[in-house]
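**Student:** Protein chains in written order, with this note's numbering: chain D, 1 to 319; chain V, 1 to 359; chain H, 1 to 266.
Just so you know, the hints here were simulated from the structure itself, not pulled from any lab data.
Hints may be right or wrong, so weigh each one.
Just so you have them, the derived chain V footprint on chain H, three or more residues with Cβ under 8 angstroms [stated by the list, open to error]:
1) 45-55
2) 84-92
3) 183-189
Far from chain H, by Cβ distances over 10 angstroms, these chain V residues were calculated [stated by the list, open to error]:
4) SER23
5) LEU44
6) GLY66
7) ASN110
8) VAL147
9) THR181
10) LEU240
11) ALA267
For each residue, glycine too, the CB sits at the ideal point set by N, CA and C.
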Amino acid sequence: MLSRSLAAALAVLLAFVLAGCGGDDDTASPPATSSAAVETTPAPAEFPVTVEADNGAVTFDEEPDAIVSLSATATESLFAIGAGDQVIAVDDQSNYPADAPVTDLSGFEPNVEAIASYEPDLVIAAYDPGGLVDGLEKLDIPVLLQDAAPDLDVAYEQIETLGEATGNSEGAETVVESMQIEIEELVASVPGVEGATVYHELGPDFFSATSETFIGSVYELFGLVNIADAATEADAGGYPQLTGEYIVSESPDLIVLADTKCCEQTVATVSGRPGWDQIEAVQHGDIVEADDDIASRWGPRTVVFVELIAESLAGIGRP
Amino acid sequence: MADAGGLRARLLARPERALRGVSLGWTAAAGIFVVVAALLGLALGPVDLGVAAVGREVLSHVPFLGVESSFSDTQDAILWELRAPRVALGLLVGAMLASAGASYQGVFRNPLADPYLLGAAAGAGLGATIVIANDLGGDAGLDLRPVAAFAGAMLGVGIAYVLGSSVGGRETATLILAGVTVASFLTALQTYVQQRSADSVQEVYSWILGRLETSGWTDVLIVLPYVAVSAAVLLWHRRLLDVLAVGDDEAASLGVPVARVRLLVVAAATLGTAAAVAFSGLIAFVGIIVPHAVRLMAGTSYRLVLPLSLAFGAGFLVLMDLVSRTVVAPAQLPIGVVTAFLGAPFFAVVLRTTRTVGP
Amino acid sequence: MTALAAERVGVVLDKARVVDGLGFALEEGGWLGLIGPNGAGKTTFLRAVAGLVPYEGSIALAGDEVASLGRRELARRVAVVPQLPVIPPDTSVLEYVVLGRTPHLGYARSPGARDVSAARSALARLDTAQLAERRLGSLSGGERQRAVLARAVAQDAGLLLLDEPTSALDVGAQQQVLELVASLRADHGLTVLSAMHDLTHAGQYADRLLLMDGGREVASGPPREVLTERLVARHYGAEVRIVADEETGIAVVPLRPGVKAQEPVS
Chain D
1 MLSRSLAAAL
11 AVLLAFVLAG
21 CGGDDDTASP
31 PATSSAAVET
41 TPAPAEFPVT
51 VEADNGAVTF
61 DEEPDAIVSL
71 SATATESLFA
81 IGAGDQVIAV
91 DDQSNYPADA
101 PVTDLSGFEP
111 NVEAIASYEP
121 DLVIAAYDPG
131 GLVDGLEKLD
141 IPVLLQDAAP
151 DLDVAYEQIE
161 TLGEATGNSE
171 GAETVVESMQ
181 IEIEELVASV
191 PGVEGATVYH
201 ELGPDFFSAT
211 SETFIGSVYE
221 LFGLVNIADA
231 ATEADAGGYP
241 QLTGEYIVSE
251 SPDLIVLADT
261 KCCEQTVATV
271 SGRPGWDQIE
281 AVQHGDIVEA
291 DDDIASRWGP
301 RTVVFVELIA
311 ESLAGIGRP
Chain V
1 MADAGGLRAR
11 LLARPERALR
21 GVSLGWTAAA
31 GIFVVVAALL
41 GLALGPVDLG
51 VAAVGREVLS
61 HVPFLGVESS
71 FSDTQDAILW
81 ELRAPRVALG
91 LLVGAMLASA
101 GASYQGVFRN
111 PLADPYLLGA
121 AAGAGLGATI
131 VIANDLGGDA
141 GLDLRPVAAF
151 AGAMLGVGIA
161 YVLGSSVGGR
171 ETATLILAGV
181 TVASFLTALQ
191 TYVQQRSADS
201 VQEVYSWILG
211 RLETSGWTDV
221 LIVLPYVAVS
231 AAVLLWHRRL
241 LDVLAVGDDE
251 AASLGVPVAR
261 VRLLVVAAAT
271 LGTAAAVAFS
281 GLIAFVGIIV
291 PHAVRLMAGT
301 SYRLVLPLSL
311 AFGAGFLVLM
321 DLVSRTVVAP
331 AQLPIGVVTA
341 FLGAPFFAVV
351 LRTTRTVGP
Chain H
1 MTALAAERVG
11 VVLDKARVVD
21 GLGFALEEGG
31 WLGLIGPNGA
41 GKTTFLRAVA
51 GLVPYEGSIA
61 LAGDEVASLG
71 RRELARRVAV
81 VPQLPVIPPD
91 TSVLEYVVLG
101 RTPHLGYARS
111 PGARDVSAAR
121 SALARLDTAQ
131 LAERRLGSLS
141 GGERQRAVLA
151 RAVAQDAGLL
161 LLDEPTSALD
171 VGAQQQVLEL
181 VASLRADHGL
191 TVLSAMHDLT
201 HAGQYADRLL
211 LMDGGREVAS
221 GPPREVLTER
231 LVARHYGAEV
241 RIVADEETGI
251 AVVPLRPGVK
261 AQEPVS
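With the sequences and hints as input, model every part of the structure.
**Tutor:** Following this line, the structure appears as structure tokens:
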């Protein structure tokens, strides 16, 4: 009986580790576009429009005004680009912005019938468990699957796609442009940090994120070296579990805690871990407490995260 | 009868080797195994400290030898504050799980019995999951997982025991059935609680699959007294486990208070196991693999199986932990996965070597 | 000296009265054979004497009520040879016989040299010394039964309870085991209470028989009084001829139904 639990746990662990942190391994990502140039996809002012998502091409005959979002990231993006008043329901994890219409719908264990009862004309999801997409398609409900973006370029594309699909292309353009500009400025504001090492903590059991992940790609922008990258062969889908001794021995210059809300980790608890007083980041107090949500999504608030990192990097290495 | 006087003298003079405790050979083998495993666990890991350097560091703490260590502060911290407690915890947990498994097998006369059978694992898992999912104690900065896991394990077995006793006397088959019932129910509860809280799923699974990552020596010091007491009680009863092998009725007619012995052994084994899994999570198969391997090597009497399981279990888990933290270094595998990998094929071995004799 | 005295003994199992109003007195060194059809309550009564089931009435061992004796004290006085003993296959014969010394050891104590030698002499007594190092799983049925008997002998108890000791044995082994019990009784003054299914053996070895049916005593006394064709026919439903002579003692010979020329079975 226990072995059955273990087998199930293993299978689902692999799936959940990838999704639970807002990530997904099998991103069939469209080719990355250059992030330096501001790219505008020609946006037709009228419908019908066909957009690309991870579940293929989806066509919209008219502007959707009964949108259901099962992705916390998509929710943030929708409201940022001006599609907020077209949204009728968001999932239980979509806690930003505060006025989003939160419901009991679950993005991790979606119930097709419950979703359908809202009579949506567009459903956005970041995760497709148990044939969600198939189920919705059978009911003729258009669905856009936007898996966790592996880097900023894909994140921008997803925002633009949402703009096209909801008739807010201009709003999407604006958001993407401002994100690009702000991030560029933030990165440029801390020159000379290339090569500094960073440890991103997802949980007090030392689960981390490699550069294959979205959050890992943010560190790459600054030229930081992610100590979890050495674990890429472990094929953990970008989220390996490290050991305490490895982290201590690597002595990262910066520690980012993404487990402050879920697991009560703070600068104090981390500094108090036995052996961790040997780490550079601990000695200089370069430990960042990030908001779990912001650190696990790939929407417009990524800028907030980048800002947080830039601020920490500005004072790095000094006691 | 021919030479009755001489026969008697011979019988009394020669202590019966077969019925003495563990032989010198096996004691040495067990001791060497534990020491080697512990040394390997200290010397190797995802961070390469250098085997010789580790040796020098360890010896530098031995007085009068005059050995100097070449370690930096960081290396010192890694060895003594991270690796050594981990090895120590591995020794304690491994010894406990193996001896608890052997004891359960003796008391239930079932080769697949271990404390998980009666609901210790399911109870511990439920306790830990409730804490994790509801974020209990978080505001106060307390880690309530160990306490909850411990309480859950004891409750699980306790309920199984009460249920089994109330239903059909204290026969072993009834108790096992009660245990399976309780375990299934608690597992269902645990899964339900876990699924309700999506963002804690990863943490729950991580706990369930087991790991020996410690928060330093405090964890070890907390676990130690439980394991010590539990192991002492179990070792004390090893002779009685041999007597129980002939069944409840025959053991009772040989003067053994069967129900009381069973309760005492189960309580002690569960107590130690609960403390162990409170910190290590649910590491499966150790309680089955190690005692069976010992039986295959040294014989079936609990006089041997219990103490040898203790020792080999300790070394075994340290080695499993070594594998889990070096095989995909610097990432680590949950140790429960490593032991399960070994456990499944091992069952095939046990199956093939088990012989039964009809009435 | 009465080794075992039973008075109005009753046993209720699962709301059924399995033993009802049994009574007898067995003197030291005597052999009482309990006979009767399956389900008559023989095994249950033996279990009551062994302290394994609660009973009504009185069962006294040398004057002490069984229910009032501690488990270990009872084990020092009564040795049981069950019908289907549990045989751990990998245990050696010697270790198995040493188990019989358990009532004489302290709680959880290990056997000492004295216990081992007691076990060895029990084995020698039963002509089984050469099997001492063998695994139980490798023995034949008869050898195994001798090992179980040796364990009971090692227990050094005054009363031996045997539950159908020959049911799984071939005719040679049957004789061997029963002869051994008889000689133990002769040499050591053991008192024997046995449930037996083979009526001839019961008649040949026991001093007295007690025929049970439906939990009650139907007849008791010396074999020639209890082993009658009528009683056997009525309680076993079998046609037999009783043959009594010097050599065979009381032999109960089954007849094929319909062969008998004389009085019809009632």
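**Student:** Look at each hint and say if it fits the structure.
**Tutor:** Taking the hints in turn, this is what the structure says about them:
1. 45-55: As far as the stretch 45-55 of chain H goes, the hint holds, because 4 residues have Cβ atoms under 8 angstroms from chain V.
2. 84-92: With 9 residues in contact (Cβ-Cβ under 8 angstroms with chain V), the coverage given for the stretch 84-92 of chain H holds.
3. 183-189: Since 0 is below three, the answer is violated.
4. SER23: At roughly 15 angstroms from the nearest Cβ of chain H, SER23 (chain V) sits farther out than 10 angstroms, so the non-interface label holds.
5. LEU44: Per Cβ check, LEU44 (chain V) is outside 10 angstroms of chain H; nearest 37 angstroms; holds.
6. GLY66: holds, 45 angstroms
7. ASN110: holds, 13 angstroms
8. VAL147: Correct as stated: the minimum Cβ-Cβ distance to chain H is 32 angstroms, above 10 angstroms.
9. THR181: About 23 angstroms separates THR181 (chain V) from the closest Cβ of chain H, which puts it past 10 angstroms; holds.
10. LEU240: violated, 5 angstroms
11. ALA267: Its Cβ never comes within 10 angstroms of chain H, the nearest being 15 angstroms, so this holds.
In summary, the structure is inconsistent with hints 3, 10 from the numbered list given earlier, while agreeing with the others.
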